[in-house]
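Novice: Here is what each chain is made of, one letter per residue.
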Amino acid sequence: NAGVMQNPRHLVRRRGQEARLRCSPMKGHSHVYWYRQLPEEGLKFMVYLQKENIIDESGMPKERFSAEFPKEGPSILRIQQVVRGDSAAYFCASSPVQLGNTIYFGEGSWLTVV
Amino acid sequence: KQEVTQIPAALSVPEGENLVLNCSFTDSAIYNLQWFRQDPGKGLTSLLLIQSSQREQTSGRLNASLDKSSGRSTLYIAASQPGDSATYLCAVREGSGTYKYIFGTGTRLKVLA
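Protein sequences appear in the order of chains L and B.
According to the numbering used here, the first sequence is numbered sequentially starting from 1.
According to the numbering used here, the second sequence is numbered sequentially starting from 1.
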């Protein structure tokens with residue numbers, strides 16, 4: 001049973017470009033969570049999605065950030081017009097049920113904005 | 001608003017030492033608490049999960065305790081090894097009706113051979 005798969009693992013973008021980060025949850029998991037880890041800071045919740053639904057996006061910046069989890073395919077975190085402050089590690093996690101005890105994290109996508 | 005603090009931020013110990021990592025949280029109304037390990041450039045690996053009704057959990061050389069009333073948890077690592085070098089993160093889940101975890105900033109542990 002493969003774990004949570006994230007790609008790309010490392011991404012470099014110039015200011016103003018778009019970044020797309022993908023997350024495939026563990027097999028059988030239909031709940032996906034995105035967290036962001038800024039340098040020297042703890043992980044911060046961004047968004048929680050189920051298939052075709054955004055359940056909670058209270059941690060998402062109001063502009064430039066969006067997320068989706070289509071019926072088919074991975075969840076995607078999209079950052080438009082990236083700025084240097086978007087440089088961070090973006091972690092995806094999944095769980096089989098909404099309030100499952102344990103969530104499983106992927107290895108993260110490291111975004112560097114130059 | 002729940003805040004999670006981890007002390008110390010960094011720690012270096014010689015191989016073989018027993019050590020304790022500390023985690024404190026401001027709101028004692030938690031559902032569970034997890035300790036994670038993060039290696040450089042890697043994701044998070046769950047080490048131990050303690051439910052709010054439990055006092056401690058053990059796995060191998062690791063023991064985690066929880067004192068909800070005082071808002072504290074400790075992670076005890078026995079007979080430390082260089083392979084234990086990593087960042088250790090503490091995270092609390094506030095209630096059964098929420099799925100969000102509140103993370104501390106971690107303790108960077110280095111075990112010297």
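Simulated from the structure, these hints should not be mistaken for lab results.
Mixed in with the good hints there might be a few duds.
To be verified - Partial chain B-side listing against chain L, Cβ under 7 Å, derived:
(1) N22
(2) P40
(3) K42
(4) G95
(5) F103
No experiment lies behind these values; they were computed from the predicted model shown.
Where is the CB? At the ideal position from N, CA and C, for every residue including glycine.
Novice: Decide, hint by hint, whether the structure agrees.
Specialist: Status of the hints after comparison with the structure:
The closest approach between the C-beta of N22 of chain B and any C-beta of chain L is roughly 15 Å, which is over the 7 Å cut-off, so the hint fails. Annotation: P40 of chain B was flagged as interfacial toward chain L, and the flag is violated, the nearest CB pair being 11 Å apart, outside 7 Å. Because the closest C-beta pair between K42 of chain B and chain L is about 6 Å apart, less than 7 Å, the hint holds. At about 9 Å, the closest approach between the beta carbon of G95 of chain B and any beta carbon in chain L exceeds 7 Å, and the interface hint on this residue is violated.
Interface hint status for F103 of chain B: upheld, as the beta-carbon distance to the closest one in chain L is roughly 4 Å, under 7 Å.
When the structure is compared with the earlier hints, violations turn up for hints 1, 2, 4 and for no others.
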